[in-house]
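Trainee: Here is how the chains run, residue by residue.
There are 2 protein chains.
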Amino acid sequence: MAEPLKVGLAGLGTVGAAVVHLLDQGRDKIVARCGRGIEIVALSARSRGKKRPFDLKKFRWVADPVALARDPSIDVLVEVIGGAGDPAKRAVETALSAGKAVVTANKALLAAHGQKLAALAERHRVALNFEASVAGGIPIVKTLREGLNGASFTRIYGILNGTCNYMLTRMEQDRLSFEACLRDAQALGYAEADPTFDVEGQDTAQKLAILASLAFGIKIDPRAIYVEGISSITLADLDAASELGYRVKLLGVAVKTEAGIEQRVHPTMVPKESAIAQVMGVTNAVTMDAEGLAPITLVGPGAGGVATASAIVADLADIARGVRNAPFGRPAARMTAIRKAPMQHHEGGYYIRLLARDRPGTAATIARRLAQQNISLESIVQRHAPGSRGAARPGRSGEAVPVIMITYATSEDAVRKALAAVRRDRVVTGRPQVIRIEKN
Amino acid sequence: MAEPLKVGLAGLGTVGAAVVHLLDQGRDKIVARCGRGIEIVALSARSRGKKRPFDLKKFRWVADPVALARDPSIDVLVEVIGGAGDPAKRAVETALSAGKAVVTANKALLAAHGQKLAALAERHRVALNFEASVAGGIPIVKTLREGLNGASFTRIYGILNGTCNYMLTRMEQDRLSFEACLRDAQALGYAEADPTFDVEGQDTAQKLAILASLAFGIKIDPRAIYVEGISSITLADLDAASELGYRVKLLGVAVKTEAGIEQRVHPTMVPKESAIAQVMGVTNAVTMDAEGLAPITLVGPGAGGVATASAIVADLADIARGVRNAPFGRPAARMTAIRKAPMQHHEGGYYIRLLARDRPGTAATIARRLAQQNISLESIVQRHAPGSRGAARPGRSGEAVPVIMITYATSEDAVRKALAAVRRDRVVTGRPQVIRIEKN
Numbered sequence: 001m002a003e004p005l006k007v008g009l010a011g012l013g014t015v016g017a018a019v020v021h022l023l024d025q026g027r028d029k030i031v032a033r034c035g036r037g038i039e040i041v042a043l044s045a046r047s048r049g050k051k052r053p054f055d056l057k058k059f060r061w062v063a064d065p066v067a068l069a070r071d072p073s074i075d076v077l078v079e080v081i082g083g084a085g086d087p088a089k090r091a092v093e094t095a096l097s098a099g100k101a102v103v104t105a106n107k108a109l110l111a112a113h114g115q116k117l118a119a120l121a122e123r124h125r126v127a128l129n130f131e132a133s134v135a136g137g138i139p140i141v142k143t144l145r146e147g148l149n150g151a152s153f154t155r156i157y158g159i160l161n162g163t164c165n166y167m168l169t170r171m172e173q174d175r176l177s178f179e180a181c182l183r184d185a186q187a188l189g190y191a192e193a194d195p196t197f198d199v200e201g202q203d204t205a206q207k208l209a210i211l212a213s214l215a216f217g218i219k220i221d222p223r224a225i226y227v228e229g230i231s232s233i234t235l236a237d238l239d240a241a242s243e244l245g246y247r248v249k250l251l252g253v254a255v256k257t258e259a260g261i262e263q264r265v266h267p268t269m270v271p272k273e274s275a276i277a278q279v280m281g282v283t284n285a286v287t288m289d290a291e292g293l294a295p296i297t298l299v300g301p302g303a304g305g306v307a308t309a310s311a312i313v314a315d316l317a318d319i320a321r322g323v324r325n326a327p328f329g330r331p332a333a334r335m336t337a338i339r340k341a342p343m344q345h346h347e348g349g350y351y352i353r354l355l356a357r358d359r360p361g362t363a364a365t366i367a368r369r370l371a372q373q374n375i376s377l378e379s380i381v382q383r384h385a386p387g388s389r390g391a392a393r394p395g396r397s398g399e400a401v402p403v404i405m406i407t408y409a410t411s412e413d414a415v416r417k418a419l420a421a422v423r424r425d426r427v428v429t430g431r432p433q434v435i436r437i438e439k440n
Numbered sequence: 441m442a443e444p445l446k447v448g449l450a451g452l453g454t455v456g457a458a459v460v461h462l463l464d465q466g467r468d469k470i471v472a473r474c475g476r477g478i479e480i481v482a483l484s485a486r487s488r489g490k491k492r493p494f495d496l497k498k499f500r501w502v503a504d505p506v507a508l509a510r511d512p513s514i515d516v517l518v519e520v521i522g523g524a525g526d527p528a529k530r531a532v533e534t535a536l537s538a539g540k541a542v543v544t545a546n547k548a549l550l551a552a553h554g555q556k557l558a559a560l561a562e563r564h565r566v567a568l569n570f571e572a573s574v575a576g577g578i579p580i581v582k583t584l585r586e587g588l589n590g591a592s593f594t595r596i597y598g599i600l601n602g603t604c605n606y607m608l609t610r611m612e613q614d615r616l617s618f619e620a621c622l623r624d625a626q627a628l629g630y631a632e633a634d635p636t637f638d639v640e641g642q643d644t645a646q647k648l649a650i651l652a653s654l655a656f657g658i659k660i661d662p663r664a665i666y667v668e669g670i671s672s673i674t675l676a677d678l679d680a681a682s683e684l685g686y687r688v689k690l691l692g693v694a695v696k697t698e699a700g701i702e703q704r705v706h707p708t709m710v711p712k713e714s715a716i717a718q719v720m721g722v723t724n725a726v727t728m729d730a731e732g733l734a735p736i737t738l739v740g741p742g743a744g745g746v747a748t749a750s751a752i753v754a755d756l757a758d759i760a761r762g763v764r765n766a767p768f769g770r771p772a773a774r775m776t777a778i779r780k781a782p783m784q785h786h787e788g789g790y791y792i793r794l795l796a797r798d799r800p801g802t803a804a805t806i807a808r809r810l811a812q813q814n815i816s817l818e819s820i821v822q823r824h825a826p827g828s829r830g831a832a833r834p835g836r837s838g839e840a841v842p843v844i845m846i847t848y849a850t851s852e853d854a855v856r857k858a859l860a861a862v863r864r865d866r867v868v869t870g871r872p873q874v875i876r877i878e879k880n
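Chains as they are written, first to last, in my numbering: chain X, 1 to 440; chain W, 441 to 880.
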């Protein structure tokens, strides 16, 4: 039998520990599948003294991950340190430059430097695999890179952040406010002490940048992505969505338009009966549309030690079998610059919730401003405050009443202009809520 | 640039024609992704004179597919002839023996001879790829073979036959009988003139045999599968399922039990809110459970020219890039004999619909027979015929009334014995309907 593949593991958090466990437990299966074993020969982590769920003494310890990366005894570096900067970046660069394959779960690193790292891997003819970086347990990277090579993608979208989906699910099911739900998610360990990166959509954007590159052959650039998080979503929005036949999800969407590739992350209304609307809790999902093909959807665990480690082991197994693909499915030199479709040109349906001053002429003013931008309404619902109901002459109280509108397909630009005009007219209070609708 | 990969295409039905089209249209993308082109150099089909959607003159014609398989000008044979016998079998064997890779969509051939063909491919060190053979547009073969190598599967199940799922969807949504729905499906081309192979579950069984082999490393054997089709399903069953919170799907299920691998195809009640219950029409879906992992579900088009051809092109792209995996994820010699778990040992919940004679003692008799087999009921619903409703003494008419029961987990053996006893007691008319429940 061939020599086992020798792995240096940098990072010993939940994922790193699960990799150690899976490789140990799956020994026979790996040999059966790859014709050779996969063995961790050296480890690196921040703290050597920390208690671990396995016997540290079985492995050689290399304090510096960069030294581990160039260690002559390893064939592959598994990088689960995280972060776009050093030491993760230097460790990965060092390994590739030394002709060693790299398996990483580091989305931040790939989003920031994926292009250069892919070119470096190519130059040294080694694999750079990163299945674990997006939607942990779902083999979406392999599917895009190898599984659907015959397809011409037109759109890819998904639920890529488990924290946000968990929160939206809990808000809807348990009728919690965003704030209450966030406290809960933090207590359960589903949200970080500083949740900004997750709830404001940045995590989703990094993952979307990687998927869009794989699907459309474009250079990775998270800065080309329009990003909006879920912190402004209220229970009132979820209720209105439900009544109208929708559910709200934080989606990352990349779509081919005539103007170029549109990449955006924002709370989105999806039809309740769609596959993606059924995805609840911390689960992730990705849907791909391609020319002439019905949509393909992958649903599964987005995070967690075993799910992520299982993706890393699959990446290692490919390397053990001598498989080396271009990291982003094509040579780095053939990845094209993004022709970015500006968000103002986005076209689709919109949900708009306004707090309108309840006095004569308000409805007419709003209607006129929308009409001036050629926006047609599919539905409009105005709710009077409980106190004003049955009043002799409704609409004289001057109180604010919610007005909920669903538009037919229109443009982002038109919606922004119409709402700016409505606000200037002083017929609404507060900031209008706008949620884009994504049809399947 | 490297020489293009030279393909011989055997079979020019919908799928074959779509392969010609996709390879032509996707030329640039393929070169970008594989570093070389993929070119069809010769064709074979039953009738040369038939009208085709492309110019036949652009390709060399080889009347005999077996001659095409050994043609020195080709590197790969694409077999889309179909059928477990010759000429498909001989063509594939000939190509492999001549050291040529094979890409096939032929589930019948793989189910019957997959084991031997895999060994032959291995011996000659060539690829045998068959992504298109199961769930056309869904990359499930690659996912099982390469994408989830870190996972230890415990169960795999899915909707693998578009015809059946289309029919069950139409029956439920349009309130059609099985027969009316079948006529409709035939008129639309979704069902064959002889629908037996699809509606009686054989097609699903062949696909399940392939998936079970990939997931559990067992030898392919469709004869180890318990098979029941959907022809006995009535609208009454679908309505009762819906009331109880379920939907009926024809599933192929392979599950690891203590007694061995249980493989079965039958109409199944799945919880309405499960991902698989949302899969409507001709769409296919596969769910995988693995140790320590949340379920992973893939949903997409199960058939159709473009979907199937796109899977074939992905298989060809792997070959063009020099990737060769063991056909079933591990060397043929390491595929283990199936330890078949007998269907009588199957454990789970059951839906039972009886037509009970409406007279005193019937309910007691049924209850006693179930109790004798230690079967506990989660729910029981008895519906009186409209005529008997409000009668002074219900239960004296002697007419048949439907009784619908949902059991807690019990065994197939217990259910069969209890129902045989109930029938011997002559308290029911007709054959009891039994539908197994699959929890997610």
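These aren't lab readings, by the way, just hints derived from the structure by calculation.
Quick caveat, the model's predicted, so the values are computed rather than measured.
Take the hints with a grain of salt, since some may be wrong.
Said to hold, decoys possible - Non-contacting residues of chain X with respect to chain W, defined by C-beta distances greater than 12 Å in every case (computed):
1) ASP28
2) ARG33
3) SER97
4) GLU131
5) LYS142
6) MET288
7) ASP318
Claimed, not checked - Calculated cross-link-like contacts (lysine-lysine; reagent style DSS-like; alpha-carbon spacing at most 30 Å):
8) W:LYS497 - W:LYS469
9) W:LYS446 - W:LYS469
10) X:LYS58 - X:LYS29
11) X:LYS272 - X:LYS116
12) X:LYS340 - W:LYS469
13) X:LYS256 - X:LYS340
14) W:LYS469 - W:LYS491
15) X:LYS57 - X:LYS6
16) X:LYS272 - W:LYS879
17) W:LYS879 - W:LYS857
18) W:LYS780 - W:LYS857
19) W:LYS780 - X:LYS256
20) X:LYS439 - W:LYS712
21) W:LYS498 - X:LYS29
22) X:LYS439 - W:LYS556
23) W:LYS556 - W:LYS497
24) X:LYS29 - W:LYS491
25) W:LYS659 - W:LYS712
26) W:LYS491 - X:LYS116
27) W:LYS469 - W:LYS556
28) X:LYS29 - W:LYS712
29) W:LYS490 - W:LYS712
30) X:LYS29 - W:LYS556
31) X:LYS29 - W:LYS469
32) W:LYS556 - W:LYS490
33) W:LYS857 - X:LYS219
34) W:LYS491 - X:LYS272
Every residue, glycine too, gets a C-beta built ideally from N, C-alpha and C.
Trainee: Now, for every hint given, state plainly whether the structure supports it.
Mentor: For each hint, the structure was consulted:
1. Distance to chain W contradicts ASP28 (chain X) as a non-interface residue, since its nearest Cβ pair spans about 10 Å, not more than 12 Å.
2. With a closest Cβ-Cβ approach of about 5 Å to chain W, ARG33 (chain X) is found to fall inside the 12 Å limit, against its non-interface label.
3. No beta-carbon of chain W is positioned within 12 Å of the beta-carbon of SER97 (chain X); the least distance is around 23 Å.
4. The Cβ of GLU131 (chain X) sits about 8 Å from the closest Cβ of chain W, inside the 12 Å cut-off, so the non-interface label is violated.
5. With 12 Å as the threshold on Cβ separation, the claim that LYS142 (chain X) sits away from chain W is violated: the shortest Cβ distance comes to roughly 5 Å.
6. Distance to chain W contradicts MET288 (chain X) as a non-interface residue, since its nearest Cβ pair spans about 8 Å, not more than 12 Å.
7. With a cut of 12 Å on Cβ distances, ASP318 (chain X) falls inside the contact zone with chain W, its closest approach being about 6 Å.
8. The hinted pair formed by LYS497 (chain W) and LYS469 (chain W) meets the criterion: a straight-line CA distance of about 25 Å does not exceed 30 Å.
9. For the proposed pair LYS446 (chain W) and LYS469 (chain W), the alpha carbon gap of about 17 Å is at most 30 Å, so the pair holds.
10. For the hint pairing LYS58 (chain X) with LYS29 (chain X), the CA-to-CA distance comes to about 21 Å; that is within 30 Å, so the pair holds.
11. Simply put, LYS272 (chain X) and LYS116 (chain X) have alpha-carbon atoms about 41 Å apart, too far for the 30 Å limit, and the pair is violated.
12. Note on LYS340 (chain X) and LYS469 (chain W): the hinted pairing holds, with a Cα-Cα distance of about 20 Å set against a maximum of 30 Å.
13. Distance restraint check for LYS256 (chain X) and LYS340 (chain X): the Cα-Cα separation of roughly 10 Å lies within the 30 Å cut-off, and the hinted pair is therefore satisfied.
14. Only pairs whose Cα atoms come within 30 Å are accepted, and LYS469 (chain W) paired with LYS491 (chain W) is accepted, the gap being roughly 29 Å.
15. With a C-alpha separation of about 17 Å, the suggested pair LYS57 (chain X) and LYS6 (chain X) falls inside the 30 Å cut-off, and the hint holds.
16. Distance check on the hinted pair: LYS272 (chain X) and LYS879 (chain W) sit about 22 Å apart at the alpha-carbon level, within 30 Å; holds.
17. With a C-alpha separation of about 23 Å, the suggested pair LYS879 (chain W) and LYS857 (chain W) falls inside the 30 Å cut-off, and the hint holds.
18. Distance check on the hinted pair: LYS780 (chain W) and LYS857 (chain W) sit about 22 Å apart at the alpha-carbon level, within 30 Å; holds.
19. About 49 Å separates the Cα atoms of LYS780 (chain W) and LYS256 (chain X), which puts this hinted pair outside 30 Å; it is violated.
20. Distance check on the hinted pair: LYS439 (chain X) and LYS712 (chain W) sit about 22 Å apart at the alpha-carbon level, within 30 Å; holds.
21. Taken as a hint, the LYS498 (chain W) and LYS29 (chain X) pair is broken in the structure, with Cα atoms around 47 Å apart against an allowance of 30 Å.
22. Distance check on the hinted pair: LYS439 (chain X) and LYS556 (chain W) sit about 46 Å apart at the alpha-carbon level, beyond 30 Å; violated.
23. Between LYS556 (chain W) and LYS497 (chain W) the CA atoms are separated by roughly 36 Å; this puts the pair beyond 30 Å, and the hint is violated.
24. This hinted pair does not check out: LYS29 (chain X) and LYS491 (chain W) have alpha carbons roughly 50 Å apart, beyond 30 Å.
25. Under the criterion of a C-alpha separation no larger than 30 Å, the hint pairing LYS659 (chain W) with LYS712 (chain W) is inconsistent with the structure, at around 34 Å.
26. Restraint check: the Cα-Cα separation between LYS491 (chain W) and LYS116 (chain X) comes to about 50 Å, which exceeds 30 Å; the hinted pair is violated.
27. Distance hint between LYS469 (chain W) and LYS556 (chain W) is unfulfilled; the C-alpha atoms sit about 35 Å from each other, more than 30 Å.
28. A C-alpha spacing of about 36 Å is found between LYS29 (chain X) and LYS712 (chain W), which places the hinted pair above 30 Å, so the restraint is violated.
29. Under the criterion of a C-alpha separation no larger than 30 Å, the hint pairing LYS490 (chain W) with LYS712 (chain W) is inconsistent with the structure, at around 46 Å.
30. Between the alpha carbons of LYS29 (chain X) and LYS556 (chain W) the distance comes to roughly 22 Å, so the proposed pair stays at or under 30 Å and holds.
31. Between LYS29 (chain X) and LYS469 (chain W), the direct Cα distance comes to roughly 36 Å. Violation of the 30 Å bound is thereby established for this hinted pair.
32. A hinted pair counts as satisfied when its Cα atoms are at most 30 Å apart, and LYS556 (chain W) with LYS490 (chain W) does not qualify at roughly 34 Å.
33. Between the alpha carbons of LYS857 (chain W) and LYS219 (chain X) the distance comes to roughly 64 Å, so the proposed pair goes past 30 Å and is violated.
34. Taking the CA atoms of LYS491 (chain W) and LYS272 (chain X), the gap is near 44 Å; set against the 30 Å cutoff, the hint is violated.
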